[in-house]
Amino acid sequence: MDWQPLILTFKLAIVTTIVLMLIAIPLAYKLAYTNSKLKPVIETLVSMPLVLPPTVLGFYLLMIFSPSSSIGGWLNEYLGIQFLFSFKGLVLASVCYSLPFMVHPIQAGFSKVPSNLIEASYILGKSKLMTLWKVILPNMKRAMITGIVLSFAHTIGEFGVVLMIGGNIPGKTKVASIAIYDEVEALNYGAAHTYSLILFVISFVILLMVYGGNAKNAKQLGKW
Amino acid sequence: MVNILLEKELKGKGGMISLAVDLQIPKGECIALYGVSGVGKTSILKMISGILKPDNGRISVEDKIWLDTQQKINLKPQQRKIGYVFQEYALFPNMSVRENLLYAMPKGALKTEIDPIIDMMELGDLQYQKPEQLSGGQQQRVALGRAVASKPKLLLLDEPLSALDITMRSKLQDYILQIHQEYKLTTILVSHDQNEICRLANKVYIIDEGSISTSGKPEAIFRTSEKPKMRLEGKIIKLKKEHPCHVILEVEGTAIQIPITDTVAQKLKAGELLKFESK
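For the protein sequence lines, the chains are A and B, in the order given.
Sequential numbering from 24 applies to the first sequence in the working numbering.
Sequential numbering from 57 applies to the second sequence in the working numbering.
Hints are computed from structural coordinates only; laboratory data are not their basis.
A portion of the hints provided could be inaccurate.
[Claimed, not checked] Below are the DSBU-like pairs computed for lysine-lysine, each with C-alpha atoms no more than 35 Å apart in a straight line: (1) A:K60 / B:K67; (2) A:K62 / B:K207; (3) B:K297 / A:K151; (4) B:K109 / A:K157; (5) A:K164 / A:K111; (6) B:K163 / A:K151; (7) A:K53 / B:K240; (8) A:K157 / B:K259; (9) B:K259 / B:K132; (10) B:K323 / A:K151.
[What the hints assert, rightly or not] Under 10 Å between C-beta atoms, here's a sample of chain A residues computed to sit facing chain B: (11) L80; (12) S92; (13) N139; (14) E142; (15) A143; (16) G148; (17) P161; (18) N162; (19) K164; (20) I168.
[What the hints assert, rightly or not] Take a look, some chain A residues computed to stay more than 10 Å from chain B by CB distance: (21) K111; (22) L147; (23) G236.
All values reported here derive from a predicted model rather than from experimental measurement.
Ideal Cβ positions, reconstructed from N, Cα and C, are used throughout, including at glycine.
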């Protein structure tokens with residue numbers, strides 16, 4: 024059995040989750056506290072991957088980052104970055120595709136932190152960044168964990184979008200979901216079954232952790 | 057001296073309220089804002105702390121201007137040096153009692169400076185516990201200690217004891233008095249409790265529909281407004297119109313005879329309902 028697709032899948036999920044945290048936390052913070060008229064537009068854009076077929080997203084990314092496009096050409100020529108059929112491209116596609124899974128729980132978490140805690144911190148002379156770090160984020164740990172776990176699990180299960188932008192290059196862009204498709208096409212059901220079972224068990228455990236944690240949290244809230 | 061002049065149109069329960077207050081508080085004094093719910097008392101504290109922006113106003117604290125809408129000066133809450141005690145305590149749930157107090161301290165302050173406050177608020181045994189493990193009274197002591205730990209120029213107390221029972225209130229009032237005596241902090245107290253105001257404040261401002269309707273020494277204000285009146289209401293069961301006149305009323309099943317003047321006697325009829333009220 025070739026472990027490479029599974030290793031690549033988890034590498035992709037880890038890198039995507041880290042990148043998503045860096046993007047989603049500031050974005051969710053802005054969305055939770057802004058009154059801007061642009062808020063619904065940004066929320067809609069963030070949520071698009073939930074309803075769009077992954078191939079649509081993959082197709083547009085393919086068009087935008089193709090060396091023949093102006094953006095793709097510029098990136099390739101001046102920065103030497105090539106997104107198509109590379110691990111970088113997989114990360115980019117996964118970040119776009121899993122963005123709502125990270126932003127939504129964290130935005131909800133920000134909204135649930137009582138405003139008087141934030142006001143109390145400001146009145147005590149603490150900056151917005153300090154308040155975010157010391158007061159807001161520690162009081163929405165559950166939402167953070169939910170966002171991180173769901174994005175990680177969602178990235179593990181990606182197929183269409185990674186196939187469109189990354190293709191099927193063994194050791195480079197061939198993730199577990201694509202390997203399953205390959206093995207089924209080759210009528211190699213044993214290998215397909217092994218990959219599928221591993222993904223099934225891991226996804227089940229991850230989701231169980233989220234729901235189990237949420238139930239525990241709900242009980243605690245009931246006590247308060 | 058603290059001078060506060062604030063104006064703002066606020067949405068109240070019964071429509072828009074034009075809030076307009078003018079307060080002068082001598083350094084180290086405690087004043088109280090008294091009034092029914094929804095007249096804008098908490099909004100006044102939020103504007104003083106910089107959380108809410110007034111339409112017009114000026115706030116100066118010991119010659120430093122915190123707000124002047126004409127000169128477009130509006131210091132952020134972080135720059136105002138305020139100790140604020142919220143009605144719902146607003147303690148940070150992720151921090152222990154000690155951490156809540158340490159977080160409040162200004163930059164550069166020594167950690168040991170917190171110990172006298174912990175002692176004064178009698179939080180020594182509770183200092184490593186989280187707020188959720190404390191009773192309401194204990195949480196409010198932490199909130200008071202935290203407000204003092206920030207070394208404020210102005211202490212704002214927003215109905216700090218309203219969620220507590222009478223015994224606990226009385227104890228907490230002692231703590232507030234102790235803080236006031238120890239730190240000589242200029243304080244603004246919002247309260248519904250007349251006894252609390254009489255005990256803690258030097259002066260009270262009665263807020264009515266967004267503006268100050270009256271102000272003065274709490275004892276004088278509340279004694280006048282709360283002077284007990286005698287009211288009596290009953291059905292006239294017998295009326296004597298000849299001098300000396302009197303009326304017999306039935307009040308909740310009991311007959312009561314009351315002397316009346318001849319003029320009043322001529323205006324009354326048996327069977328009517330009669331109301332008496334002392335001036």
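### Query
When the hints from earlier in the document are held up against this structure, which numbers fail?
Per hint list: 2, 3, 7, 8, 10, 11, 12, 20 and 22 violated.
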